[in-house]
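Number of protein chains: 2
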Amino acid sequence: MKSPPRRGGRPRVVIAGAGFGGLTCARALKHAPVDVLLIDRNNFHLFTPLLYQVASALLDPGEIARPVRQLIRPLRNADFLQASISGVDFEGRRLLTDHGAVEYDYLVLATGAQSDYFGNSSIAEHSIGLKQLDEGLAVRNRILAQFEAAEWTDDPVRRRMLLTFAIVGGGPTGVEMAGALSELIRFVLRKDYRGLDTNEVRVVLIEAAPHVLSQFVPFLREAAHRSLERKKVEVMLSSKVESVTDSTLRLADGQEISTGLVIWTAGVKASALGATTGVPLTRQARMTIDPTLQVPGHPVVFVIGDLAGAQDGSAYLPMLIPVAMQAGKHVAACITDMVAGGGAHAFEYKDPGIMATIGRNSAVAQIRGLQFSGFIGWVIWLTVHLINVVSFRSRIVVLVNWAFEYLFLDRPIRLIVRAKD
Amino acid sequence: MKSPPRRGGRPRVVIAGAGFGGLTCARALKHAPVDVLLIDRNNFHLFTPLLYQVASALLDPGEIARPVRQLIRPLRNADFLQASISGVDFEGRRLLTDHGAVEYDYLVLATGAQSDYFGNSSIAEHSIGLKQLDEGLAVRNRILAQFEAAEWTDDPVRRRMLLTFAIVGGGPTGVEMAGALSELIRFVLRKDYRGLDTNEVRVVLIEAAPHVLSQFVPFLREAAHRSLERKKVEVMLSSKVESVTDSTLRLADGQEISTGLVIWTAGVKASALGATTGVPLTRQARMTIDPTLQVPGHPVVFVIGDLAGAQDGSAYLPMLIPVAMQAGKHVAACITDMVAGGGAHAFEYKDPGIMATIGRNSAVAQIRGLQFSGFIGWVIWLTVHLINVVSFRSRIVVLVNWAFEYLFLDRPIRLIVRAKD
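Those protein sequences? They're chains E and C, same order as listed. Numbering-wise, this note's numbering comes out as the position in the first sequence, counting from 1, plus 854. Numbering-wise, this note's numbering comes out as the position in the second sequence, counting from 1, plus 854.
Where hints are given, some of them may not hold.
No distinction is drawn between identical chains; accordingly, a pair holds when it is met within one copy or between any pair of copies.
[As the list claims (entries may be wrong)] Computed list of lysine-lysine pairs in DSS-like fashion (alpha-carbon distance at most 25 Å, straight line): (1) K1094 with K884; (2) K884 with K1086; (3) K884 with K856; (4) K1085 with K856; (5) K1045 with K856; (6) K884 with K1204; (7) K1086 with K856; (8) K985 with K1094; (9) K856 with K1094.
Just so you know, the hints here were simulated from the structure itself, not pulled from any lab data.
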C-alpha cells in the first residue's frame, strides 16, 4: 500500500472508525496543523438511529448512509482509507489493517460496538442484529419473504411460524423496531396480503428486565409500554432467551415461541479491537482509559465512543451518540493542544437527554429533567432526527418519505433485493 | 402450495412476469370477469430505463423498483405469487413454478429478456450485465471499490487496470451508462479521490457495429457520438470482444485492454422459458407466435414483450417497453373478448419513438419523424422518464435527486453495500 500523503511533515492523526465519534473528531481537527487519516471498513458513515426504518421498509440505505469521502471533502487535511482494522502496535506506533500497517503520531480508536450474544452460539447463528446497514437490509428482506411464503402455504402451523416476529431487547432499538414493524404490518402489509388474516401476525418484544426502556424514568417507561400495546406489540417482560433455531425461540422458563425471524437488540459490546490491544477491558469489553480518554501508558492514543470505558464519577458513560460526539471533540482539542506543546485534559460529558419513538404519533423523551411522551414527544423526536440526518438532500428525501408514510400509511421500499456478488 | 383464490368460478388468467408487459396486461384486465394471478421471481416491478442510474450512484433501488403487491392493490381481481417459472404444461393447462404447478384458463407469458453472451463463457463469467436490479447494485459496488483500491495502490499498472471501465454495447443502455459513469467520475469521484489523477481514468465504450445507437437515424447517431466524446468517453467502433478475464478484455483484432470492470450491454435474448416450451424459437430465442400473439395450436396461451417474436410485416418488433405495454393491453382485450365468446384479433404496434440520454444536458430522441438532440432532446427525455416513474412518491424523490445532481454535481448514493445473507 502506498503511504498516506504528508503535507509538510505535520503530525499524522489516524482515526480508526468513521462513526459519530471518529467523524466528529476528524471534523474538529479541520484547522489543526495535523494530517488526518480516517479509516473504516465501510466506505460510508451510517446514521444508526434510523437503521430500524430501513429494516421496516420506510427508508432506503442511501437516506441513512453517506459516503465518508463526501463528508470529509471540506476537510483539506483529511484522507480516507477503506480497510478492516486488526490491531495496534503501540511500540512501533502503527495501526494494523488488512491493507498493511499505518504509522501514526496520534491515534484515536473509535471502532464502536457490535451485537453481544453472550457466548450463545444458537442466538448468534439464528438471529439478525440491528447494528450494521447490511443487517437492516437483511431484516427487511426476511420480513417480506416470510409474508410472501405465508401467503401461499396451506400449512397453518408453518404460517403461524412465518408470521411471528420476535424482537429481543426492550431498549430504544427494540422498542422502535417493534413499533415500526407493527405499523408496517397493520397499515401496509395488511393491504398487500389480502389472503392473510392480520390477526394471525404476532410481533413479540422480549425483555429480560421487568420493564422496557430501563434508561428512562418510570413514567415514560410506562407510557412507552402502553403505546406498544396499543400498537398490538406483545410485550414479554422478565423473559430471558435461552436458545434460537430457524423456527423456534426458547425462553429460560421453557416456553417456546414458533418464529421465523428473531431480531437481536438485547446485547451490545465494544468492537473486538479492544481485546487485541492488551489494554485491560471493563464492562461490555470497553477499553480502560484515563479520565482524559488516553490509554494508560500511551499518551498519544485516545479511545472514544462505544469502545471507550469512559467514566462519569463511578458510572460508565452510556453507549450513545452524544457521548461519542462529545468525546470526538474533546480528543481533537487535546491533540491540538498537545501538538502546540500542551497536554490533555479530563473529559466531561454533558447529557443532552434521551429519546425513543414508538411509531406514528408516539415517542418518549427525557431532556434535562423535562419529560415528554405521546404526540409532543414524537414531534420532538422527528425534529431532532430530521435536523441530524447528515445531509441536506437526505433531509428532503427523508422528509418526503416520512410525509408520505404519515399521510398515506405507505412504506415505499418493500423490496426483497440484494446485490449480485 | 395453496391454490390461488377463486372468485365465483371465473376464468383464471395467469400472467408470467411482472415487467412492463405483464403489469400492463394485469391492469387492463381490472374490470374483466376473470381472476388474475401475476407471477414473478422478484417481489418488485423494475423501471429498467433508469437502472443505469442505480449503477452510477444517482438513484437508490427504492426509486426505480416498486413492490408488485402495491401496484396491483387497486386491482380487486388480481393476486401475486413470488416464484421462479420453469415451464408450461400446455395439455394440462398448468404453469410450472418452483412453488408447484399453477392451473390456468388463459396464460400470458411475459418473462422478458436476459443478457446474451453468445455462448462465450469468459464474457459471461467476468462481466456484469445491466438487466436486473442486483446487477445495477453490483456495478455500483465495483466502481466504488475499484476507486478505493486505486487510491491506495502504489503499482501504476494495477492502478490503470482498476481505473479502466469497459462498457460493451453501443445501444441506448451502453451509451447511457457510459455517459453517466463518465460524469460520475469527472464531477464527483474526482473530488472524492484527490490522490488520483482523473486523467488516468478511462471509460471505454466498445461497439461491434460501425456506429453507436444503430436504431437511430445517422444525424442523431453522430450527435450522440460527439456528445460521448465531449464527455471523455473513448468510443471504439467496429470492435468485437473476444474474451474477458478479471483484469483484461481482449478484442477480436488482438488488442488488449487492461480493465477491472466489464459491463455487458451488447447482447440480449429472450428469457430461457421459451426454450422449455417446445414452441419454435425465432431470432434472439423469442417464441414464434401468431399475429394475434397466441401460441400456434394453443389459443389460450399468449406471449408478449421481449419473449414474443412478434412481427410487424417482415420485421420483428424491437425489445422495447412500448411494444410490451401495447401487447399487454392487446392481450387483455383479446382475453376479455374470448371470455365473452369472441375471438382474438391481430396485434398492431404504434411506434411512439425512441430516445437515449448521454448524461447532463444531452439526449437524442426520434419521435414520429421529428428528431431532437442536445439540450432539447434532454428535456424531452427528462419529462418522459419522470412522468413514467411508477409512483408519485418516487417521482418526487427522483426529481429531488436529479435536481441535486444537476445543481451540485453530486451523486448521493455512493455506498458499497450488500444485504447480509
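Legend entry - Non-conforming hints, listed in increasing numerical order: As far as the earlier hints go, 1, 2, 4, 7, 9 are violated by this structure, in ascending order.
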